[in-house]
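Combine both chains into one complex, guided by the hints.
Residue numbers (this note's numbering), protein chains in the order written: chain B, 4 to 185; chain G, 16 to 270.
The set of hints was computed from the structure by calculation and includes no laboratory data.
Here the structure is a predicted model, which is why all the values come from computation and not from measurement.
We put the beta carbon where it would ideally sit given N, CA and C, even for glycine.
Any given hint could be a false lead.
Stated by the list, open to error - Result set (SDA-like, lysine to any residue): computed pairs, CA atoms no more than 25 Å apart in a straight line:
#, chain 1, residue 1, chain 2, residue 2
1, B, 125, G, 64
2, B, 65, G, 30
3, B, 54, B, 75
4, B, 54, G, 139
5, B, 125, B, 73
As the list claims (entries may be wrong) - Partner residues aside, some chain B positions facing chain G, computed with beta carbon under 10 Å:
#, residue
6, 25
7, 28
8, 29
9, 38
10, 41
11, 60
12, 119
13, 148
14, 160
15, 168
Given next are the chains, with one letter for each unit.
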Amino acid sequence: MPVNDDLQKAQRFREAALPYLDDVYTLARYLLRDASDAEDAVQECYLRALKHFDSYRGPAMKPWLFAILRNVCNAEYARRAHRPSAIEDTPGAAEQTPIWQESEASPETEVLRSRDAGAIRKLIDALAEPFRETFVLREINNLSYREIAEAVGAPVGTVMSRLARARAMLRAAWTAEEEQAK
Amino acid sequence: MTCDEARILLHALLDNELDAGHAREVEAHIASCPDCAAEFAAQREMQRVLADTNLRYTAPASLRARIEASLPQAPRQQPSRRSVLRGFAMGSAVSALAASGVVAVVLRQDDQQRILSEVVSAHLRSLQAGHLTDVVSTDQHTVKPWFNGKLDVAPPVIDLTAQGFTLVGGRLDYIDARAIGAVVYKRRQHVVNLFVSQTSNTEYRTPKTETMQGFNCRRWGNRGLNFWAVSDIGADELAEFVDKFEAAMKANVEG
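Isolated chain G, as found in the complex (with noise of 0.2 Å):
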């Protein structure tokens, strides 16, 4: 074995990689050459300093949040609320009645609020490099009938290019562990995510902004569809959008 081989294998050597047969002969060949002794001999001290070293990086934690929300989310398990009124139950009637109002508002606080963080989860999901579109048409003709047969109720899909809004695409999404619609549109360089389901009330319910990791959301119902406007543009802009998007809907309708 020559010198310049060896100066390759003594680290396979090193990293243990070596079957017995190569083992052998590197190590015969170090044992006759002082040279390529002296050479790993410094291999391995510097090998053991590093390795007595901490040279791993750590991930940040809002890079692992950033991860975790960009997978599918499977439903929060919520076994909790199940108990509370089972323990309601054993009262008396009257006061589960009364109780149990108290309970149904606080839930469903909490269900809106973890939804409009699912809402915000998903608009952040969008923006990131091909995400955003499933279809891609500046045309309501194309958009719409693409949502046919993906969900059970395809979302209203209106160009509002006249109005400032540019309709840049559709995609399907994932809220409350429901597939839905999204419809994208733009102002300016900013993203407007309008995400629709389907709901059994089919009353008005007027619009209300909230903000949310500084991503403000509006909500509104109408129709029996729940609607959640979702953007980084200012809220007036937003409300903007909204009756934009409503009067146009009744136009709609109405013509």
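Okay, chain B solo, but in the shape it has when bound (with noise of 0.2 Å):
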């Protein structure tokens, strides 16, 4: 019976996919960095899930979930290039900062801050894309690389590459932001 088949993947999918709810809503603010934007684009993301259940095949759901999500997400910064007040991620430039600075302090001796959540969220924030999304991926979500290839869609080569700038981009953030403190 057609129903009792709907009901029957409806109960499959919830067991399979709502446990990651979480990981996917944290995903969702640091792509979109705004609450209510990620709430919208976590409900549309489960339900384009659930109509593409059927053709799922694994291996792991939680990289699944987030390349939907990723969709879901373009199509919103989509939407809002049409808006005057869009935020523009510029990553030309950040193609261009360098994999690393050298910084004056002799690096042996720099120890960061423990920092509050809040704080190092903004950093984060701060990162311009593909790097945000990979930092977030590798160091929130904990994706392994080819998990992280997986569900962007890029080599992992390409990921190693991202992450290396990423991580040397909120080190040099977080390094100048210190130094201003003081």
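Here it is as structure tokens:
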């Protein structure tokens, strides 16, 4: 009976996908940098995921959900681009950021002060795409390089270089802020 | 290995992503290059601070509830009902009779409340993008046949455009774990969902309006069908919708 099939499918989907709700929501918050946009995107992500659940073959649910969420968020960015106040990322400029910057202080003695989560989130939010996304997938969502590659549809080598750049930029911003605070 | 290569690969080393051979190469470079060693130490320190900080977000409960509501709902199990009845069966025949009357009334209201909440959930679900209609047409002669064969009883589909409620299409939905038909109308930009299910009760039951989660729901029964009209339009406008619908039904039957 089709009704029962639907219910069974919904139940399987619930068990497979809902445990990752916080992960998906976390990624959405970092990608969109807005709480209510993130909620809408996550809801749309789960609707699409249910729709395509029949064709889901694995292996891992989390990267699969993330890939769907990315598509939803990209559509949201395209929509924002039509608004005059759109937040413009400039990956072009970011690509030119050197992978490492010589810091004047002796690096061995440089210890990052622990910061509260809010301050660190702000530093992460300031990273340009696609570096922010790669960084969050690795450092906060705990995906392996291969899973990140799968979720973003890029080769593992690209994931590696983006991650290196993201961390270099984050550390530079972090230490620059500490310099200012002195 | 050059420093440029090492500056990328040291991250893979930090993340335990390198095979033994490459890991040894990167370690050897770091051991011989103070700059890369410093970078490695600094990145390891940053990773440690990040790991000690909770940078995740928790999805709001309301979001979880909305997603739950958008999934087809399994029928809720009510084991308590049977045990209550069994309890009464053990009493004297008279008290059981009296009590079961009370129980039946209590349960019916309980059921109606549950179905009302399912109807409102179905209405909410239908408002999400791409969920409103399975068949899109302002023509009742297109919408009505679409239901045929999909349901035990096809819902009456009446165009009320002339009366101020535009027919926009139809949809299959699930209420009380059964597939039922929903006929969709619009009043200005507001959606009115009319849910129709079969019932053994052929008596006319007068419309009653209830409110749940800010939506008005007008429920009535006629000709062996249960109707629920749900919308965010005002109660008076929803009552007008039901009156117009019933009037048109009557005209159809008599005509």
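Structure-based check of each hint:
1. Restraint check for residue 125(B) and residue 64(G): satisfied, since their Cα atoms lie roughly 15 Å apart, inside the 25 Å limit.
2. Our distance criterion of 25 Å between C-alpha atoms is met by residue 65(B) and residue 30(G), whose separation comes to about 19 Å.
3. Note on residue 54(B) and residue 75(B): the hinted pairing holds, with a Cα-Cα distance of about 14 Å set against a maximum of 25 Å.
4. Under the criterion of a C-alpha separation no larger than 25 Å, the hint pairing residue 54(B) with residue 139(G) is consistent with the structure, at around 18 Å.
5. As the CA atoms of residue 125(B) and residue 73(B) are separated by approximately 21 Å, the hinted pair is consistent with the 25 Å bound.
6. The restraint placing residue 25(B) at the interface with chain G holds, with a minimum CB-CB distance near 5 Å, inside the 10 Å limit.
7. A distance limit of 10 Å between C-beta atoms decides the matter here; for residue 28(B) the minimum to chain G is near 4 Å, and the interface restraint holds.
8. About 5 Å separates the beta-carbon of residue 29(B) from the nearest beta-carbon of chain G, less than 10 Å, and the hint is met.
9. A least Cβ separation of about 8 Å between residue 38(B) and chain G falls short of the 10 Å threshold, and the interface hint therefore holds.
10. About 8 Å separates the beta-carbon of residue 41(B) from the nearest beta-carbon of chain G, less than 10 Å, and the hint is met.
11. The closest approach between the C-beta of residue 60(B) and any C-beta of chain G is roughly 21 Å, which is over the 10 Å cut-off, so the hint fails.
12. Contact between residue 119(B) and chain G, as hinted, is supported at the beta carbon level, the nearest pair being about 8 Å apart and thus within 10 Å.
13. Taken as an interface hint, residue 148(B) checks out: its beta carbon lies about 5 Å from the nearest beta carbon of chain G, inside 10 Å.
14. Among the interface hints, the one on residue 160(B) holds; its C-beta lies about 9 Å from the nearest C-beta in chain G, closer than the 10 Å criterion.
15. Against a cut-off of 10 Å between C-beta atoms, the interface hint on residue 168(B) holds, since the closest Cβ of chain G lies about 9 Å away.
Hint 11 alone, counting from the list given before, is not met by this structure.
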